[in-house]
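Work out the full structure: start from the sequences and follow the hints.
Take 193 as the starting number for the sequence shown in this note's numbering and just add one per residue.
No wet-lab data here; the hints were simulated from the structure. Predicted model, so just to flag it, every value in this text is computed and none were measured. Please note: incorrect hints may appear among the correct ones.
Within a straight-line C-alpha distance of at most 30 angstroms, the following computed BS3-like cross-link-like pairs (lysine-lysine) qualify [said to hold, decoys possible]:
1) Lys-264 / Lys-254
2) Lys-372 / Lys-230
3) Lys-230 / Lys-480
4) Lys-492 / Lys-444
5) Lys-264 / Lys-372
6) Lys-427 / Lys-480
7) Lys-427 / Lys-492
8) Lys-437 / Lys-254
9) Lys-437 / Lys-477
10) Lys-444 / Lys-480
11) Lys-480 / Lys-463
12) Lys-492 / Lys-430
13) Lys-372 / Lys-254
14) Lys-477 / Lys-230
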Amino acid sequence: MMKKSLLAAVVATLASAGAQAQSVSLYGLVDMSIVNTKAPGAASAITQAQSGNMTTSFYGFKSTENLGGGLKAEAVAEGFLRNTNGAAGRFDGDPLFSRNANVSLSGGFGSVAVGRITNSLFVNNLIFNALGDSFGFSPAIKMLHLSAGQASGDTGWNEAVKVSLPNMGGVSVSVLHALKGSRPGANTNVSALYFAGPLSLGASWQEVRRRDGAPGSVGASDSDAWQIGAAYDLKTVKLFAQVGKVDNITFKTNYDHMGVGASVPMGPNGKILAQYSSMEPSNAKASKTTSLAYDHFLSKRTDLYAVFMNEQVPGRSTGTTYGVGIRHRF
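Take a look at the structure:
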C-alpha cells in the first residue's frame with residue numbers, strides 16, 4: 193500500500209509539472225516468459241512463468257526542460273516490477289525506484305547527475321554481449337552480476353554523483369562516485385566508450401567499498417573489478433568480445449571473466465543471438481555458460497523470443513534452460 197501511494201504521488205507531481213516542463217513521459221517494458229529449467233546439480237527440471245528474463249520489466253517517469261543556452265534539466269524515476277504477481281521491485285524489499293532515481297543537468301560541458309544511478313560497469317557488460325541486459329539468459333550478465341564471482345555493488349548505486357564529459361571524436365568518458373555516507377566506504381567507477389562506424393570499444397573499472405548488499409552476501413563484500421569490451425558489425429554478423437577480472441577483497445579470491453558472442457540478422461525482423469561466457473576463480477575450475485536464442489520483432493515495440501541455455505559448474509551435473517517469451521515496450 194505504501195508503494196502504491198508513493199507511485200500515485202509521483203504521477204501526480206509529474207503531471208502537475210507538465211505545464212512548466214518541456215516534456216513529461218511515462219515509459220517502460222514488460223517481459224514475460226515460460227521457462228523449463230534444470231539448475232546445475234539439480235535432480236529434476238521445473239517449468240515456470242517468469243518475469244523479466246530477457247529484460248527486467250520496468251516502468252519509468254521522465255521530465256525534461258530546456259533551460260536555454262544549450263542547458264537541459266532532467267529528472268528520472270524508474271522502478272522494476274514482477275508481472276508474475278504484480279509486485280513492485282526485483283524482490284521483496286527492493287526500493288520503489290531502484291532502477292534509477294536522479295536529477296541531472298547537461299550542456300556543452302557534458303552532464304552531471306545526482307541520485308541513484310545505473311552502474312557503468314553493468315552498462316559496459318550489456319553493450320558488449322549478444323544478449324544485452326538479460327539476467328535470465330545472458331551468460332555475460334549471469335557471470336559478472338549473479339555468480340560467486342560477481343562484481344559487488346548492484347547494478348545501480350545509491351547516493352551517487354556521475355560526471356560525463358562531452359563526446360569527443362566518438363569517445364565518451366564518465367566518472368561515477370557513490371558517497372560514503374554512513375557506509376564503511378565509497379564506490380568509484382571510471383568508464384570510457386568509443387563508437388566509430390562498425391567498431392565499438394569499452395572499458396570500465398570500479399572499486400566498491402560501500403557494501404550495500406545484505407550482510408554476509410557477495411554483494412556486501414569489498415571488491416575491485418574491470419572489464420574491456422569490443423564489438424564489430426560486419427552487417428552479416430555482429431561480433432562481441434569481453435575480458436575482465438573481479439578481485440573480491442573480502443573473500444580473498446580473484447575471478448577471471450571472458451566472453452564471446454555473435455548476433456546474426458535473419459531477414460528484416462529477426463536475429464539469432466549466441467553468447468559464451470566463463471568465470472574462473474583463482475582457487476577452482478571455471479564455470480561456463482552458453483546461450484543460443486532467436487529474437488523476432490512483430491513491431492518496433494513487441495518481440496517474441498526463444499532461448500536455450502547450457503550451464504556447466506565444476507562438481508555439478510549440467511544445467512539446462514529452455515524458454516519462450518514476449519516483450520512489449522510502451
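Hints and how they fare:
Note on Lys-264 and Lys-254: the hinted pairing holds, with a Cα-Cα distance of about 13 angstroms set against a maximum of 30 angstroms. Our distance criterion of 30 angstroms between C-alpha atoms is broken by Lys-372 and Lys-230, whose separation comes to about 41 angstroms. Of the supplied pair hints, the one linking Lys-230 and Lys-480 holds, its CA atoms being roughly 15 angstroms apart against a limit of 30 angstroms. Between Lys-492 and Lys-444, the direct Cα distance comes to roughly 46 angstroms. Violation of the 30 angstroms bound is thereby established for this hinted pair.
With a C-alpha separation of about 28 angstroms, the suggested pair Lys-264 and Lys-372 falls inside the 30 angstroms cut-off, and the hint holds. A C-alpha spacing of about 28 angstroms is found between Lys-427 and Lys-480, which places the hinted pair at or below 30 angstroms, so the restraint holds. Note on Lys-427 and Lys-492: the hinted pairing holds, with a Cα-Cα distance of about 20 angstroms set against a maximum of 30 angstroms. Restraint check: the Cα-Cα separation between Lys-437 and Lys-254 comes to about 35 angstroms, which exceeds 30 angstroms; the hinted pair is violated.
A distance of roughly 15 angstroms separates the Cα atoms of Lys-437 and Lys-477; the hinted pair therefore holds under the 30 angstroms criterion. For the hint pairing Lys-444 with Lys-480, the CA-to-CA distance comes to about 22 angstroms; that is within 30 angstroms, so the pair holds. In summary, the hint linking Lys-480 to Lys-463 is supported, as the alpha carbons are separated by about 23 angstroms, within the 30 angstroms threshold. Pair hint Lys-492 plus Lys-430 holds up; C-alpha atoms about 20 angstroms apart against a cutoff of 30 angstroms.
Taking the CA atoms of Lys-372 and Lys-254, the gap is about 27 angstroms. The hint holds against a cut of 30 angstroms. With a C-alpha separation of about 21 angstroms, the suggested pairing of Lys-477 with Lys-230 holds against the 30 angstroms cut-off.
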